Amino acid sequence: MGLHKESSVNFGFADHLSYVFGKMMKRTSYRYLLLILGFPLHLIVFLFYRVKRKNDTYFTIRNKINTSLQTAGLKEKLIRDFKEQYVRKHAFFQEKVDEQDMNREVERIAQERYLKILAEKVDAEYKQQGFVKLTYISYFQTLIKKPLFLIVSLIPGILMYILLFLFSNFFIKFIFERLVMSIFVIAGVSVLVFTILYLSPFDPAANLLGEAATKEQIASFNHTYGLDLPYLAQLWNALKGIFTFDLGASFTGNEDVAASIANKFPITLTIAVFSLLMAIVIAIPVGIISATRQNTFLDYSFMFIALIGLSIPNFWQGLIFILNFSIKMQWLPATYNPQNMLSIIMPVIVLGTGLTASVARMTRSSMLEIINEDYIITAKAKGLNERQVLWKHAIGNAMIPIITVIGLLFGDMLGGAAVTEKVFNISGLGSYIVDKQFIPDIPAIMGGVIYIAITISLVNVLIDILYAFFDPRIRSKMKQL
Amino acid sequence: MNSYKKHALKLSREYTQANFAWVLSFVVCLIFLVNSFNYKEGTIKSFVFTIFLVYAIFTMYQLFLTWKIKKDLLKFGDIQPITRKLGYIQLLSILSANIFTASFAFNLIKKKKTPEYTFAVFMVFTQLFVIAVSTFNLFKPYVTDTFLPAMGVLVGILIFQIVTLILVSKYVQDESAPSWFLIITIVLIITSLTGNLFNLLLGISLVLKTRSHDRSRIMKWNTMWNKITRNSTAILGMFFIILMLSLSVCSKYTFDYDMAVENDYGSLLQKPSLEHPFGTDDFGRDLFSRIIFGARISLLVGFASTIIPLIIGGFLGAIAGYYTKRADNIIMRLLDILYAIPGILLAIAIIAAFGANTMNLILALSVGAIPSYARTMRANVLMVSNYEYVDSARALGSSDLSIIFKQIVPNSLAPMIVKATLTIGGAVIATSSLSFLGLGVEPHIPEWGNILKVGSTYLESHSYLAIIPGLAIIGLVLSFNFLGDGLRDAFDPRMD
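Protein chains in written order, with numbering that gives the first Met the number 0: chain G, 0 to 480; chain U, 0 to 495.
Same shape as in the complex, but just chain U:
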């Protein structure tokens, strides 16, 4: 009996997440604590210290919850309703922007979690964060003309999302959803235009459940997303990526681009304050706005320089893998040449030849990535084309092209998607590295590498100019890597 309960502890999704949440929350706490002292003057920065205290309280509560869950599991084999009720208090931690404990709280209060529930929770989180970040503009001397209407729309969407969250948690089952959800779905898909892709995911998921009667399809969808959402790091990575995406869409209306690019000699190199949360740079430009606008470029270059080689490399790899021998030899030997030059060097050579701008940067990064995608695709195609369903398609008289694109390619996409997700991070790093060398995005565009380049000259006196953009890069890259790892685990049949 005892071993069964120990097993329950190991299996429990909540217990793992509880541990994860308190550890990370604790780390954030420590960071705030270290930063709350002014070492030179020996004083305490009251603002940072207050934040630390708030975080510390929620972390303590999180520890208490973790202990309670562990006790429940060891004593009863499952989490008691009262413990789940206690989770409602932890929901408050969302007000301190503690995403770790807040997302855990949402997981705790609901016993049976559908993928839709998780989507809805993170949809609300994303919206809250977008609104919170945009609100910082209120401390500025002026805001853009579109600020108020845009914020109105965002808050309206937030209210709608909260209603949806409640409805979803009440009515959506594992295998079906009431048909009146279709109306909500339409609104969700339209509102996903704000860049909040959780809306879109939730919409698609609901469409599947309201319309489809194919149980196996729904189960497959559920299993896949359950694996991803169970993985705390993967879903947090996804949250951060979508937050960045949503911010870069919304910033067009809520942020003032002039603040990021126009020189303001009245406020050069100012320390972080409420008006300029990250301070200003040597031309008096607001670093906070610049970072927000930089996300746009990083995401654009990252996605474009992943999708282009994905398509070209995937196509070449599929051809090489399907038509073995001669086509294979020619394609792969030519790609070997490309593979022999390190990606960054090839990019430097291409940019040296054609000039430094965003378009050339995307092309340069894409060309270097083609061979590795082609190799992955070829290996998959070689494996898939030996399966029976390919033989049967051939026996039924399908043409080669239709076999490749209808049977083989869809079945060998999963490893390609995983690879793509894992390499977007690399592309983001490469973009900023090249910009840092003066070989990437044009210097006047606020891009994280460019911002860092400026910051690196003020390393001694104003180090935050170099630290903050670096943290933004790491955050985005780390998120893509977490998501990629999660996707790999979800797609890998050996993990079952």
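Next up, chain G with everything else stripped away, as it sits in the complex:
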């Protein structure tokens, strides 16, 4: 982009589009995408291009140079050179030279080299005469620069132009690519989870209707829930259901799965978000203190406690909390109750412990790495005091990897919520999935797992975007395309 700005003073929108087009055509996957999206347009332009190419000087020049090179005997000379190299190489490794193999190999290498030299010569000649080599891409680029063409072709090539527009700004392009990627991941997750449940050897109909069920009853059950359809049809229904938030009714209780999930998701998310906040508020200061007082008693104790926090199973911690704070001291209620805000404290602490511990450890190691960097030493050498160095130069950079880790661990936390929810008797999404797995209630489990996965993907997309926004290194990397 920068380069282009320098070369043309009248930097117009059409010029920019043409530039982006040229850049995108260099990447195979984008090339196909552009050609497919603008197919009707490309069809017409290509016909014009064929006509134009016939009159182009390029091919005449190429023919001229080709004959001149052939008369000079370049190819024979190349073959001779390569043959000699081949024989020497084999002599060095003390291998036998097979005449036929050698000829074939040498011929191939010589031909490659010959074509390369030819192309170089033609290009040089061409440049000397002051022409631009005519290819389909350059032809199309010159066309886009003409406003009239742009207006005429806007309707048939609208999809392609939208893509070009999206890619014309590196930041929009990044967000767009990231979103497309997560849509693929979400689709992949849906297919995977559905397939796992489809392969299940259990028969929900028999489990639900009991052993006394007749064949007709089972068949009608399977028909109601579409379980008698072939794999692909069921998969299609499931995917459609996931993306339209309509997963049908669950096998037991005949309740609307999407609605139940929507009812149970808020509490799971609330607890997870509070745990996350707790982790950030506690872990980051602890990590920074540990790093700045490395190898002191305080550091050892913090890290020891953090490691214990990592090693405690959620459910055991929950039980011990209930035993001490609910049964023995009677400070907090043992089970969750939406009306009583006090009852959310224990679940939040239990769910957040592991995250707090890992973030504290991560902050410490990230800080230690930064503190030993050269630029920190420089800052100290220039006379900044500890506090300035720490707050102005170290912490900002140390936080960058921690944000990613928090994003990843947030996923684990949503996944692990099932255990905590069971201990505190919270009717969230995690315990919903666990309750439904005995039948197995396919739509409910699938919906629960996939919507959690989608949430996690979106959180990670958000973090990546924020990241790109704040980290100058990533921004400059993105600009390079």
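Hint data in this document are derived by calculation from the structure and do not stem from the laboratory.
Careful, some of the hints might be misleading.
Cross-link-like lysine-lysine pairs, in silico, DSS-like; alpha carbons within 30 angstroms at most [unchecked claim]:
{"no.": "1", "chain 1": "G", "residue 1": "K115", "chain 2": "U", "residue 2": "K324"}
{"no.": "2", "chain 1": "U", "residue 1": "K219", "chain 2": "G", "residue 2": "K327"}
{"no.": "3", "chain 1": "G", "residue 1": "K379", "chain 2": "U", "residue 2": "K5"}
{"no.": "4", "chain 1": "G", "residue 1": "K95", "chain 2": "U", "residue 2": "K5"}
{"no.": "5", "chain 1": "U", "residue 1": "K169", "chain 2": "U", "residue 2": "K109"}
{"no.": "6", "chain 1": "G", "residue 1": "K476", "chain 2": "U", "residue 2": "K324"}
{"no.": "7", "chain 1": "G", "residue 1": "K25", "chain 2": "U", "residue 2": "K324"}
{"no.": "8", "chain 1": "G", "residue 1": "K22", "chain 2": "U", "residue 2": "K324"}
{"no.": "9", "chain 1": "G", "residue 1": "K22", "chain 2": "G", "residue 2": "K126"}
{"no.": "10", "chain 1": "G", "residue 1": "K88", "chain 2": "G", "residue 2": "K74"}
{"no.": "11", "chain 1": "U", "residue 1": "K324", "chain 2": "G", "residue 2": "K327"}
{"no.": "12", "chain 1": "G", "residue 1": "K327", "chain 2": "U", "residue 2": "K39"}
{"no.": "13", "chain 1": "U", "residue 1": "K109", "chain 2": "U", "residue 2": "K5"}
{"no.": "14", "chain 1": "U", "residue 1": "K452", "chain 2": "G", "residue 2": "K379"}
{"no.": "15", "chain 1": "G", "residue 1": "K63", "chain 2": "G", "residue 2": "K76"}
{"no.": "16", "chain 1": "U", "residue 1": "K67", "chain 2": "U", "residue 2": "K9"}
{"no.": "17", "chain 1": "U", "residue 1": "K219", "chain 2": "U", "residue 2": "K111"}
{"no.": "18", "chain 1": "U", "residue 1": "K5", "chain 2": "G", "residue 2": "K327"}
{"no.": "19", "chain 1": "G", "residue 1": "K379", "chain 2": "U", "residue 2": "K9"}
{"no.": "20", "chain 1": "G", "residue 1": "K88", "chain 2": "U", "residue 2": "K405"}
{"no.": "21", "chain 1": "U", "residue 1": "K452", "chain 2": "G", "residue 2": "K263"}
{"no.": "22", "chain 1": "G", "residue 1": "K172", "chain 2": "U", "residue 2": "K324"}
Reference excerpt, derived from the structure (chain U facing chain G, CB under 8 angstroms, subset only) [claimed, not checked]:
{"no.": "23", "residue": "A339"}
{"no.": "24", "residue": "A348"}
{"no.": "25", "residue": "I428"}
{"no.": "26", "residue": "V453"}
{"no.": "27", "residue": "S455"}
{"no.": "28", "residue": "S460"}
{"no.": "29", "residue": "H461"}
{"no.": "30", "residue": "A465"}
What you are looking at is a predicted structure, and each value in this text was computed from that prediction instead of being measured.
Just so you know, even glycine gets a beta-carbon here, dropped at the ideal spot from N, CA and C.
Keeping the supplied structure of chain G fixed, place chain U upon it in accordance with the hints.
Here is chain U on its own, set in the frame of chain G:
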């Protein structure tokens, strides 16, 4: 001069370990003290209080040793022989099962410590603990038929190990060992079948030193193990893991499986006593035996669900990292899908589909862990494949496969091993969590999660049923995490 001595204090391995030992010993003391009072009746439990007193004495002595070491270091710059001699008294603390002070004492009495010495010390500790734990069976009304012969063998091995320890501390040098150690080595490796992997480590180490004349190899081995053994928490973690392993092997012969699974309505929900050290559960099953047998499942699931993804993920990651571009894209994008589902949720989905049993549990946990191993491996391979020796192998005409598996993979294994050690703990937690939800190991098998599940219903009246299995889980997981941290520090070249 003064700063040199302060430096000696900082550098001294013994001083750090002395501090570590007394702090932990003190913490254990406090725990015993808190538990030695019966708060409701206001009386003292004499048994627990006696244990507290014993621990308190050794902790005081440990404090004295720490003070003495500090004085020596500040005054002379190194520890005086008389202080080292004083360490012999602290050896007695092994009788109170105080592993912290006892292992410190062994470190103190010997000035030049080879890795073999540490292995031998912990080998003896492990054996002592296995025998001590098994001896609790004597208080039971009956023991298994194999109890006496098994205990005989264990004690025999212990005597052999003590002899080995003395020989090792006398004759094994930093770089070599006398060749007659080879006979001991063979016996060591055979006796490691009892699950005491310190035997195996010591055996391998001795083989290396008696047979190999490659000094650089021996030095490399020494440096690595010195780093690990210097780290008190890492070596203690390793000790606990190997103790659990050894117990789960030996328990087959020294413990009665029926006590752990057969109902005994004559002794329901009994409080801890000598016959039932951890009490009994609602079916009258002995909790102590159940915990011991539970270690087996936890270790099995933990190791299996780490090794399977390690191999599959490692292979995929190596391929993706070596054949960049297309293979990389396809493999990593497919694994991204797997990575988007949290491990526990994926495991729940798989178990919901295929049923709850140990085999499915291992598979379910393995599948979810593949992507993270693949990522680690890929990052390593990307780094390693740029090194000169890979280029030279290619120039010499090695095939891609041989380059990957002979040059690249061995050189990118270290971070994988560290990662594996750190994730075994996670697998142990996941196993017990799923069992607790009724989604893991079958309910009739004594597994820590299952035991906890039963215990959680008696939280109010018999809380020890829930507390003890949890402590076992934490102990094992903490050990793996300590060992993993130690390994990471040892393998990380930046720590040099």
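Now for the hints, and whether the structure bears them out:
1. For the suggested pair G/K115 and U/K324, the alpha carbons sit about 25 angstroms apart, so the restraint of at most 30 angstroms is met.
2. Taken as a hint, the U/K219 and G/K327 pair is broken in the structure, with Cα atoms around 55 angstroms apart against an allowance of 30 angstroms.
3. Pair hint G/K379 plus U/K5 holds up; C-alpha atoms about 25 angstroms apart against a cutoff of 30 angstroms.
4. Between G/K95 and U/K5 the alpha-carbon distance is near 70 angstroms, which puts this suggested pair outside the 30 angstroms criterion.
5. Using a Cα cut-off of 30 angstroms, the hinted pair U/K169 and U/K109 holds, with the two alpha carbons roughly 10 angstroms apart.
6. For a cut-off of 30 angstroms, the pair hint linking G/K476 to U/K324 stands: about 18 angstroms separates their Cα positions.
7. Straight-line distance between C-alpha atoms of G/K25 and U/K324 comes to about 16 angstroms, which keeps the hinted pair within the 30 angstroms bound.
8. About 19 angstroms separates the Cα atoms of G/K22 and U/K324, which keeps this hinted pair within 30 angstroms; it holds.
9. Note on G/K22 and G/K126: the hinted pairing holds, with a Cα-Cα distance of about 21 angstroms set against a maximum of 30 angstroms.
10. Under the criterion of a C-alpha separation no larger than 30 angstroms, the hint pairing G/K88 with G/K74 is consistent with the structure, at around 21 angstroms.
11. Simply put, U/K324 and G/K327 have alpha-carbon atoms about 61 angstroms apart, too far for the 30 angstroms limit, and the pair is violated.
12. Annotation: proposed proximity of G/K327 to U/K39 holds, straight-line Cα distance about 12 angstroms (limit 30 angstroms).
13. Between U/K109 and U/K5, the direct Cα distance comes to roughly 22 angstroms. Compliance with the 30 angstroms bound is thereby established for this hinted pair.
14. For the hint pairing U/K452 with G/K379, the CA-to-CA distance comes to about 56 angstroms; that exceeds 30 angstroms, so the pair is violated.
15. Under the criterion of a C-alpha separation no larger than 30 angstroms, the hint pairing G/K63 with G/K76 is consistent with the structure, at around 20 angstroms.
16. For the given pair, U/K67 sits about 15 angstroms from U/K9 by alpha-carbon distance, which is consistent with the 30 angstroms threshold.
17. A threshold of 30 angstroms between alpha carbons decides the hint, and for U/K219 with U/K111 the separation of about 17 angstroms falls inside it, so the pair holds.
18. Our distance criterion of 30 angstroms between C-alpha atoms is broken by U/K5 and G/K327, whose separation comes to about 49 angstroms.
19. Proximity of G/K379 to U/K9 is assessed by CA-CA distance (about 25 angstroms); at most 30 angstroms being required, the pair is judged to hold.
20. Simply put, G/K88 and U/K405 have alpha-carbon atoms about 26 angstroms apart, close enough for the 30 angstroms limit, and the pair holds.
21. Proposed proximity of U/K452 and G/K263 is supported: the alpha carbons are some 25 angstroms apart, at most 30 angstroms.
22. Between G/K172 and U/K324 the alpha-carbon distance is near 21 angstroms, which keeps this suggested pair within the 30 angstroms criterion.
23. With a least beta-carbon distance of about 5 angstroms to chain G, the hint placing U/A339 at the interface is held under the 8 angstroms criterion.
24. Hint status for U/A348 relative to chain G: holds, with the closest Cβ pair at about 5 angstroms, below 8 angstroms.
25. Annotation: interface hint on U/I428 holds; nearest CB of chain G at approximately 5 angstroms, less than 8 angstroms.
26. With a cut of 8 angstroms, the hint placing U/V453 at the interface with chain G is violated, because the nearest CB-to-CB distance is about 12 angstroms.
27. Checking U/S455 against chain G: minimum C-beta separation of about 5 angstroms stays under 8 angstroms; hint holds.
28. Below 8 angstroms, beta-carbon pairs count as interface contacts, and U/S460 has none with chain G, the closest being about 10 angstroms; its hint is therefore violated.
29. The criterion of a C-beta within 8 angstroms of any C-beta in chain G is not met by U/H461, whose closest approach is roughly 11 angstroms, and the hint is violated.
30. Interface restraint check: U/A465 against chain G, minimum CB-CB distance 5 angstroms, threshold 8 angstroms, status holds.
Figure legend: structure checked against the earlier numbered hints; hints not met, in rising order: 2, 4, 11, 14, 18, 26, 28 and 29.
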